[in-house]
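Protein chains in written order, with the numbering used here: chain A, 26 to 283; chain B, -6 to 270.
In case anyone wonders, no lab produced these hints; they're calculated from the structure. One thing to keep in mind: the hints can contain errors.
Unchecked claim - Quick list of in silico lysine to aspartate or glutamate cross-link-like pairs, DMTMM-like style, CA-CA up to 25 Å:
id, chain 1, residue 1, chain 2, residue 2
1, A, 141, B, 91
2, B, 132, A, 178
3, B, 160, B, 192
4, A, 141, B, 247
5, A, 141, B, 83
What the hints assert, rightly or not - If you want the footprint, here are the derived chain A segments under chain B, 3+ residues with CB under 8 Å:
id, stretch
6, 28 to 41
7, 66 to 80
8, 110 to 119
Stated by the list, open to error - Calculated from the model, a selection of chain A residues having no Cβ within reach of chain B, i.e. all distances over 12 Å:
id, residue
9, 47
10, 173
11, 186
12, 225
13, 227
14, 271
We put the CB at the ideal spot given by N, CA and C, even for glycine.
Here is how the chains run, residue by residue.
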Amino acid sequence: MTYTPSEMMTIAAARALSNDDVCFVGIGLPSAACNLARLTHAPDLKLVYESGTLESRPRVLPLSIGDGELCETALTTVSVPEMFQYWLQGGRMTVGFLGGAQVDRFGNLNTTVIGKYSRPVVRLPGSGGASEIATGCRRIFIAMRHGRRAFVDKLDFQTTIGHGATGRERRALGLSTEGPALIVTDLCTMRPDPETREFEVATLHAGATRAQVSENTAWPLRFAGSVEVTPTPTSHELAMLRDLNERTARAHGAAPAE
Amino acid sequence: MPDFLSLRDAIAGSVRAGDAVALEGFTHLIPFAAGHEIIRQGITDLTLIRMTPDLLYDQMIGCGCARRLVFSWGGNPGVGSLHRFRDAVERDWPRALELEEHSHSAMAHAYAAGASGMPSAFFKGYIGSDLPGVNPRIKAMACPFTGEILAAVPAIRPDVTVIHAQKADRRGNVLLAGIIGVQKEAVLAARRAVVTVEEVVDDLASTGTNATVLPSWTVNAIAVVPGGARPSYAHGYYQRDNVFYTAWDEIARDRVRFSRWVETAIMGSPGVAPPPA
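So that you can see chain B by itself, here it is in the shape it has in the complex (with noise of 0.2 Å):
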């Protein structure tokens, strides 16, 4: 069973300097206010691993939190560039980033690999792609039955895996549901796996019988952060807040616009989902 913590004792028990951390969300449940605790905390040299690091993940590398990230996707999604990534990558600022780049198929296939306990993923993918010859980490091997050559990555196992979903019960069991992204793969290839919930109910049972849930005995930390996803939304809770979406091109592309929204949106509110611009 979880531990029911607080937002600050949920990522100071689970996440450390220096470790490789998902915080899933494909668009929906992106663990916002999750990332902003790991910001307000001050952990940093983090390997961040994420399909598509979006706005969090922007705002994670501006703040200097991460060494490396490891991505298929880096963009704000229908509005433009993600200007804290490209002047980490570009510029240097505020730290050089190391990355391994790879496509959402390859990322997808190696998330399953690691919640399936295995070492390595092989897909049809990278074919007549420069990607292989700028990540070392994608090989090409043979299948051993038809010899037909097949793309290969490692497994993604993250030291701790955080995502925020709609409800756990009073056990810890932790339901997600609408698009559900890889969270369910980052979190079983995860060796900790922090989870935050809109809310806790005493049962899950008339959600349906296929509904995605996390057995208790898969999370190690649950906190209950109302809005936990915003400005990302929560399917069912509230909407995706393509206004700042918008907005957030704006703030990121100026260093010093983007560290005084830092302050007044992370730094000045803790423990608690940012407000809109």
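Excised from the complex, chain A in its bound form (with noise of 0.2 Å):
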């Protein structure tokens, strides 16, 4: 069965959950990821999003973090204050799944500017949850597309701590939560090295090559000691998959997000 490197991304990224996880849930990829995760392999895994609603079961994936869908099919539906009070900061999510413009070699995440902050050359959206979701949560995991401009030597603007500068910013300024534990992209696979915490390619997606990694990489990228092909996707996870994206399309009137 054939595939896009889209499909391989969110399929690797949705079987990082497991059945026991309370994840906080970001809009767009991770949205999908955790979804797919719930339909498949994990169906008692547990999705949060920031706009307060606690066990969302929704049938067609969200186009905001606050649609009707959400809060229909939620437990229960709290405040926005409650939210980041009592069950983010409270320590309550064992997962936060992130994406942004631009990562580092240690997982810290930009999502504020472009260049210079009082004039930048891009505006992004700014920080969201992320700040305190990638310090409140247990783990962190990242999707991003791959590319030279995303998968910097040197954020622009560090919105939102993975390691830290050095790989060991963390635990000097007392956090006890792991932080980025999995960066998945659409040709590869990352996890930090135990030790300098610096990310390095894991698995690589079937057809993809070193030499694409590495050059869509603008830092010196490192290779795990055995990298090995990522398991391509099964017929019951992209017929899952197909199908949460076509029922999202005729719901919102528009083509399938990727």
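Once you've looked at the hints, go ahead and assemble the two chains, each given alone in its own frame, into the complex.
Here is the structure:
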């Protein structure tokens, strides 16, 4: 069965979630991955959206973080202050799923500006929940499309801490949560080196090469001792993902999101 | 008891040039009609406060209503950039926009502090982020009991908060249901509060014992504006117009096209919720 790099990326991200996780979900690819996990191997995965919905089970993917679908299918809906105070800051989330415009080798993220803050070339949306999701959730997964402008040597702005400028900042700052544990892209999956916390390629998606991943990464990229091929999508995973995307496109009256 | 007013009078009586105004709504119940009335009345020099400035603030910024923006996420959810917001920050069009930028957690805590009568909020936040370096209103302090370093931000105290809700009763009690966001805190933190509602009913009691109700004595003015949250949604009344949110990307990308849209959809339809594009 043929599949696209986007489908591989979503499926690889979904597989990282377990049935026991309580996941703080961002919009876009994270939401697709989390719901795919719930529809396949992790039916009891708890999805929490920052708009206040606990245990959402959306039939279609939301376009926004606060679509009515999330509330209607939730166990309960709390206020936004309660969400950030009790549920995130209170330490109830096992995984947070983030993306960004730029990521560096230690999983630090920029969602604020390209260029100078005072006069940016591109003004991005900003932190949203990310700065505290990154420190409040036990672990962080990052999903981003590979490219040299996204996988940068140095961030233009550090909105959200990963493992910090040298990989050792979390402990120095008194953080007890783990930080970024996985980056999933359309070419590969990456894991932090246990000592240095620098992200290195763990698996390559079928068809992607070491040279291709390196070319699309602006820092000198390292590879783990043994780099295997990411297991290809099963026909069940693909069928569930495509069903979900088709239902979503019908509901939003637009082209399927990738 | 609040005054039941027309939308025009409710805005004219509560929102003044130079005010700090929060038009809140976390994707749901965004007070679009009220924001458009502010545009029609030409009220300017506002400090606009909102966690998630989306299309409404894009429109208000593009119309030159805002001098300053206090916010934590400025995008078109699931679609991309806010082009009018970007044009203001990147190119000062139609005027320069000062930013006071936070994270969601900070603003949620700051609204709760405002509602609680506190001068500021303390929370675990901004650890390892560059944001405190560009926003002097983010400070750090040690917990007096444990010594843990916490982030501190000033309470949000808007001059006026404007929200949209499903219903009010005839005495002016207001009910919100569904994703309730930060609206209760935003109303209680404000000096004045204006609420637009889908409808007025005899009795709110049938909605359940733990429903989110703002008592009449917390609200200054109510205007009945059916559809007042469109193209956002009102749970139980109408759905989010996701097609319009997607279409906005094209409309807002171009200054001329945007200005034409404002003329037709806002200036040309006084007091009425805008039609879909």
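Which numbered hints turn out to be false for this structure?
Those not satisfied are hints 2, 6 and 11.
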